[in-house]
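S.K.: Chain by chain, the residues run as shown.
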Amino acid sequence: MDNEYYLELSENPVQFENASTVNNVFFDEANKQVFAVRSGGATGVVVKGPEDKSPIAFRMDDKGEVKCIKFSLGNKILAVQRTPKSVDFINFIPDYPHLEFSHECKTKNANVLGFCWTNWNEIVFVTDQGIEFYQVLPDKRTLKMLKSQSINVNWYIYCPETAVLLLSTTVQGNVLQPFAFKNGTMSKMSKFEIELPMVPKPAKLSLSERDIAVASIYGEVYVMYLKHHSRSTNSSGAEVVLYHLLREGPCKKIHVLKLNTTGKFALNVVDNLVVVHHQSSQTSIIFDIKLREPDCAMNVHQPVLPARSIHPCKIPLTGALCLFLYLIFLLLSVYLSGYLWYLQVKLQPTVNLLQDKGKLMDFLLRRRDCKMVILSVCSQMLEGGEKGNLPVVATVFDKLNQVYKEYLEAEQAYTVAMESGPSRFSNSYKRPVRTQAVIDQSDMYTHVLSAFTEKKVINKFIIAVLMEYIRSLNQFQITVQHYLYELVIKTLVQHNLFYMLHQFLQYHVLSDSKPLACLLLSLESTYPPAHQLSLDMLKRLSTANDEIVEVLLSKQQVLGALRFVRSVGGHDNVSARKFLDAARQTNDTMLFYTIFRFFEQRNLRLRGNPAFNQGEHCEEHVAYFKEVFGEQTLMKPPTK
Amino acid sequence: MASGMQEKQYTPSLLSFFIYNPKFGPREGEEEKKILFYHPSEVEKNEKIRNVGLCEAIVQFTRTFCPTKPAKSLHTQKNRQFFHEPEENFWMVMVVRNPMIEKPSKDGKPATIEYQEEEILDSVYGAVLRQCYSMYKLFNGTFSRAFEAGGVELLRQKLEKFFYRYLQTLHLQSCDLLDVFGGISFFPLDKMTYLKIQSFVNRVEESLSLVKYTAFLYNDQLIWSGLEQDDMRILYKYLTTSLFPRHTEPELAGRDSPLRPEVAGNLLHYGRFLTGPANLKDPEAKFRFPRIFVNTEDSYEELHLIVYKAMSAAVCFMINASVELTREFCEQLDALVGPQLTLLASDICEQYNINRRISGPEKEPQFKFIYFNHMNLAEKSTIHMRKTASVSLTSVHPDLMKILGDINCDFARVDEDEEIIVKAMTDYWVVGKKSDQRELYVILNQKNANLIEVNEEVKRLCATQDMTTLKTVSCSCFNDSISVMQ
Numbered sequence: 054m055d056n057e058y059y060l061e062l063s064e065n066p067v068q069f070e071n072a073s074t075v076n077n078v079f080f081d082e083a084n085k086q087v088f089a090v091r092s093g094g095a096t097g098v099v100v101k102g103p104e105d106k107s108p109i110a111f112r113m114d115d116k117g118e119v120k121c122i123k124f125s126l127g128n129k130i131l132a133v134q135r136t137p138k139s140v141d142f143i144n145f146i147p148d149y150p151h152l153e154f155s156h157e158c159k160t161k162n163a164n165v166l167g168f169c170w171t172n173w174n175e176i177v178f179v180t181d182q183g184i185e186f187y188q189v190l191p192d193k194r195t196l197k198m199l200k201s202q203s204i205n206v207n208w209y210i211y212c213p214e215t216a217v218l219l220l221s222t223t224v225q226g227n228v229l230q231p232f233a234f235k236n237g238t239m240s241k242m243s244k245f246e247i248e249l250p251m252v253p254k255p256a257k258l259s260l261s262e263r264d265i266a267v268a269s270i271y272g273e274v275y276v277m278y279l280k281h282h283s284r285s286t287n288s289s290g291a292e293v294v295l296y297h298l299l300r301e302g303p304c305k306k307i308h309v310l311k312l313n314t315t316g317k318f319a320l321n322v323v324d325n326l327v328v329v330h331h332q333s334s335q336t337s338i339i340f341d342i343k344l345r346e347p348d349c350a351m352n353v354h355q356p357v358l359p360a361r362s363i364h365p366c367k368i369p370l371t372g373a374l375c376l377f378l379y380l381i382f383l384l385l386s387v388y389l390s391g392y393l394w395y396l397q398v399k400l401q402p403t404v405n406l407l408q409d410k411g412k413l414m415d416f417l418l419r420r421r422d423c424k425m426v427i428l429s430v431c432s433q434m435l436e437g438g439e440k441g442n443l444p445v446v447a448t449v450f451d452k453l454n455q456v457y458k459e460y461l462e463a464e465q466a467y468t469v470a471m472e473s474g475p476s477r478f479s480n481s482y483k484r485p486v487r488t489q490a491v492i493d494q495s496d497m498y499t500h501v502l503s504a505f506t507e508k509k510v511i512n513k514f515i516i517a518v519l520m521e522y523i524r525s526l527n528q529f530q531i532t533v534q535h536y537l538y539e540l541v542i543k544t545l546v547q548h549n550l551f552y553m554l555h556q557f558l559q560y561h562v563l564s565d566s567k568p569l570a571c572l573l574l575s576l577e578s579t580y581p582p583a584h585q586l587s588l589d590m591l592k593r594l595s596t597a598n599d600e601i602v603e604v605l606l607s608k609q610q611v612l613g614a615l616r617f618v619r620s621v622g623g624h625d626n627v628s629a630r631k632f633l634d635a636a637r638q639t640n641d642t643m644l645f646y647t648i649f650r651f652f653e654q655r656n657l658r659l660r661g662n663p664a665f666n667q668g669e670h671c672e673e674h675v676a677y678f679k680e681v682f683g684e685q686t687l688m689k690p691p692t693k
Numbered sequence: 007m008a009s010g011m012q013e014k015q016y017t018p019s020l021l022s023f024f025i026y027n028p029k030f031g032p033r034e035g036e037e038e039k040k041i042l043f044y045h046p047s048e049v050e051k052n053e054k055i056r057n058v059g060l061c062e063a064i065v066q067f068t069r070t071f072c073p074t075k076p077a078k079s080l081h082t083q084k085n086r087q088f089f090h091e092p093e094e095n096f097w098m099v100m101v102v103r104n105p106m107i108e109k110p111s112k113d114g115k116p117a118t119i120e121y122q123e124e125e126i127l128d129s130v131y132g133a134v135l136r137q138c139y140s141m142y143k144l145f146n147g148t149f150s151r152a153f154e155a156g157g158v159e160l161l162r163q164k165l166e167k168f169f170y171r172y173l174q175t176l177h178l179q180s181c182d183l184l185d186v187f188g189g190i191s192f193f194p195l196d197k198m199t200y201l202k203i204q205s206f207v208n209r210v211e212e213s214l215s216l217v218k219y220t221a222f223l224y225n226d227q228l229i230w231s232g233l234e235q236d237d238m239r240i241l242y243k244y245l246t247t248s249l250f251p252r253h254t255e256p257e258l259a260g261r262d263s264p265l266r267p268e269v270a271g272n273l274l275h276y277g278r279f280l281t282g283p284a285n286l287k288d289p290e291a292k293f294r295f296p297r298i299f300v301n302t303e304d305s306y307e308e309l310h311l312i313v314y315k316a317m318s319a320a321v322c323f324m325i326n327a328s329v330e331l332t333r334e335f336c337e338q339l340d341a342l343v344g345p346q347l348t349l350l351a352s353d354i355c356e357q358y359n360i361n362r363r364i365s366g367p368e369k370e371p372q373f374k375f376i377y378f379n380h381m382n383l384a385e386k387s388t389i390h391m392r393k394t395a396s397v398s399l400t401s402v403h404p405d406l407m408k409i410l411g412d413i414n415c416d417f418a419r420v421d422e423d424e425e426i427i428v429k430a431m432t433d434y435w436v437v438g439k440k441s442d443q444r445e446l447y448v449i450l451n452q453k454n455a456n457l458i459e460v461n462e463e464v465k466r467l468c469a470t471q472d473m474t475t476l477k478t479v480s481c482s483c484f485n486d487s488i489s490v491m492q
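Protein sequences appear in the order of chains A and B. In terms of the working numbering, the first sequence is residues 54 to 693. In terms of the working numbering, the second sequence is residues 7 to 492.
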């Protein structure tokens with residue numbers, strides 16, 4: 054059971070003082086900071102973030118109860134709301150006056166519902182009558198109005214990741230008006246209506262902010278609506294409806310996540326997965342909106358995995374076992390326990406929970422820390438050696454290589470763009486990021502294939518898997534690295550499957566390369582045809598003429614070597630001594646004579662004299678020639 | 007008959023064919039026991055004994071000159087005898103009548119017959135004899151195994167059963183250089199499609215674990231063999247000269263022709279069994295497949311041979327003969343292989359057409375060639391049109407084929423690389439090149455060309471001509487660089 058928890062809490066939670074009568078705790082989602090405000094700040098404010106080693110601690114005057122407190126991006130300016138009308142600011146920029154200044158909302162009779170930082174010096178006030186977008190001028194200790202919009206607001210949600218502000222309007226609250234912020238500009242996006250399960254009569258506020266969340270999933274902004282089960286409609290349970298928020302154009306309802314149960318829920322987005330916590334069953338389920346369900350209608354999703362609890366964790370200091378209570382979910386648990394955790398997805402347990410390997414790969418390839426898990430899935434899959442496994446292996450390889458290919462293409466496009474010089478386009482090209490999902494040939498070789506071929510599996514299966522991998526690479530037009538070919542050859546040779554090897558080479562499944570040709574050459578003693586295969590390969594490479602000569606000479610095919618050199622036009626530059634040495638070794642005096650004559654003629658042609666030069670080191674051979682054939686047989690220099 | 011006044015040509019033909027083992031009847035009076043098979047069977051007993059005795063004597067006699075290499079053939083005016091000892095003490099003898107010309111009676115003189123003793127080649131008919139044995143062995147295993155299993159009686163039965171039919175299919179008049187090579191024609195294919203086939207074979211072997219070996223052919227050309235080279239060579243010969251031609255005739259037949267096999271209402275795929283049941287739906291269908299023997303040198307395996315075909319793609323599945331094949335298995339195979347193979351066949355066809363389009367329209371080339379690589383048995387001929395069950399059609403004059411055979415004999419004599427250029431009658435030049443393990447024979451028809459021009463032409467041809475088959479040109483490095491496919 055222990056290895057079935059696929060959700061866990063981060064190892065190092067942010068710890069802070071429990072909320073109490075004297076201690077108020079606030080959480081800022083934008084900076085992921087927890088504020089502990091003691092006695093209105095008079096006895097100290099402690100700010101802790103997830104990565105902050107040392108917390109920020111300071112004091113401020115107690116000017117009444119703090120309703121909300123947040124740093125701007127980069128902890129430059131602190132904003133504190135104490136009254137329904139105004140927000141107070143404190144500079145945290147060094148060399149700026151640390152004095153507080155206050156700003157009152159412009160709209161008359163409006164109450165400030167809250168505020169959100171959209172930049173280090175830009176802030177939005179959300180009032181019940183509209184929004185006001187300001188630039189904070191810390192040196193002048195004033196705020197400059199950038200833009201405002203009047204609209205009746207029930208409540209609001211701000212998504213710091215995407216800088217989108219969502220306002221609930223109308224009496225029922227189900228018409229949502231999004232705004233996007235970027236570098237001092239505020240743009241109004243098209244509003245949209247959330248379909249309520251039932252329309253109350255008389256009309257009253259029926260959509261709660263607790264049922265709405267904004268998140269960025271796979272780089273797109275979605276508004277998630279937790280649609281509770283209603284008895285009137287015959288739906289099987291609650292569902293989460295995802296509205297795709299576009300910068301331009303209307304917002305579309307595009308995904309429906311089936312929860313198949315009822316009760317209280319909470320939503321999280323972790324690693325592009327929508328995590329839904331269910332209170333009564335104390336379990337969570339995850340959805341991947343990119344995972345298509347074959348048996349469901351378009352964009353209706355079932356949970357990827359069966360529901361599981363979050364892995365129980367120990368509170369680091371006390372050692373007490375903390376059962377994640379699913380009480381009022383993540384945020385409230387924070388306030389109560391004095392710890393702030395982050396939710397993480399553990400990938401290893403998913404391997405056993407998701408039987409369909411193709412689907413599992415789709416799922417894993419989209420996760421952040423997936424590499425080692427994917428590789429271990431591959432290893433496991435091959436070791437099993439179950440029947441009917443090969444199509445699965447093929448599917449998995451294809452999925453891996455699809456991602457691999459996309460990365461290679463992006464990389465190549467980037468290189469091309471860079472090489473074409475710093476043109477005006479080059480700025481738009483960012484170096485492609487190599488995510489963990491990019492599993493290249495060396496990963497596969499090191500972690501999966503080389504170990505696999507050592508295993509005691511039926512050799513048919515080993516070969517089939519290797520060929521399947523090579524097929525998949527070829528299908529995606531990825532150049533296969535020669536070490537994979539070597540692995541194929543090694544395996545075939547090990548099992549004496551030479552004819553198979555031969556056929557692969559014949560159809561150029563194993564692409565030509567010098568290392569491969571040399572490997573083949575070394576097989577000659579066990580499999581003589583490897584010699585011809587190797588020479589052919591060298592010849593096709595057309596950059597290996599020297600190697601061909603060496604091979605032929607080593608086989609004592611001196612004439613053949615010479616003919617070859619001549620056919621490629623290199624006979625004026627070859628070393629005479631090398632050929633004469635080889636000819637001597639054959640103990641064939643006629644052959645020696647022929648070779649000797651050839652070089653005498655070459656000397657004559659090149660230098661006008663048949664004699665060998667000092668530098669050619671052929672004295673020994675000249676002496677031998679004289680000894681065997683007599684001095685008068687030496688070619689005479691031309692008489693002038 | 008009709009050509010009463012003309013010369014009449016007789017092609018070489020089979021006079022007799024016999025198999026004997028001198029150890030089976032060593033004593034006098036028991037000579038008949040030596041004879042295991044004799045064709046024609048109606049020959050009188052004493053003549054059989056005499057002929058066998060003569061062969062035995064010749065072999066014994068020639069052994070005194072070279073104990074390891076006794077005589078292979080005996081040339082006489084009227085016929086030529088070929089001897090082959092495929093297994094120890096088992097001798098196969100084939101007697102071929104020389105081709106002859108009958109000159110009609112003239113001026114009252116009787117008709118004369120002129121034997122053309124030098125027209126037939128030892129290498130060609132020696133190879134035919136060896137092939138007879140290989141084919142027998144493929145379907146029956148070795149002589150000695152049969153003898154061990156059921157004594158002389160069983161062996162005699164087997165020989166009788168096999169050779170009675172097989173000898174009828176020997177067409178000695180159309181044997182030529184290709185019989186000497188006994189090569190395999192490989193289907194040219196791009197890497198990706200080849201890998202797809204690999205993948206298909208591997209998947210089928212995985213899901214039908216009974217399948218021990220697989221071979222894949224397209225258009226009667228080999229693409230993949232799980233069998234070893236020598237076994238594949240003879241199986242290939244059987245498939246392409248016997249099994250496939252028998253089945254192409256019905257395929258080519260018209261829709262309403264009675265020859266056309268009944269399509270079993272299966273519209274999902276085009277797969278069907280070439281061996282075994284003709285129609286799976288037939289409740290009377292028998293699930294018996296031919297048995298073949300492979301790896302007779304070591305593991306000696308007996309296998310069922312299932313040949314399954316969809317469009318132009320044919321796959322041989324070989325399964326251990328000890329397993330009984332059932333209807334269920336055949337249905338499973340049909341359901342698994344049929345759709346995949348149909349798809350694959352159309353893939354290959356498409357790819358093949360693309361490649362052909364790239365290589366440009368086919369022009370009638372100025373030359374014809376035969377290529378053979380001893381190393382992988384790859385063979386390619388533009389001389390032979392089409393192999394059928396009955397005859398192999400060649401597009402050149404038999405005289406030229408004879409020259410090719412002669413050159414081949416010359417090559418066989420020495421190990422060295424060689425090149426021979428022959429000016430034949432009727433303006434033809436014949437060029438033979440041998441380099442390492444490869445042989446190339448080119449027939450050029452160029453009027454008034456001289457030796458140098460022919461040499462240049464062949465060189466150019468070797469260097470540039472993409473000699474068909476596999477896409478890339480691989481070259482031999484020796485000699486004047488033969489560059490031919492594979």
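Treat the hints with caution; some may be incorrect.
One-sided excerpt, in silico: chain A residues whose CB lies under 8 Å from chain B [claimed, not checked]:
1. 513
2. 561
3. 597
Stretch by stretch, here's where chain A covers chain B in the computed footprint (C-beta under 8 Å, at least three residues) [claimed, not checked]:
4. 202-214
5. 307-321
Keep in mind that the hints were calculated from the coordinates and are not lab data. Just so you know, these numbers come straight off a predicted model, no measurement behind them. C-beta: ideal position from N, C-alpha, C; glycine also.
S.K.: Confirm or reject each hint.
M.R.: Hint check:
no.	hint	verdict
1	513	6 Å, holds
2	561	6 Å, holds
3	597	10 Å, violated
4	202-214	holds (count 8)
5	307-321	violated (count 0)
Checked against the numbered hints listed earlier, the structure breaks hints 3 and 5; every other hint is satisfied.
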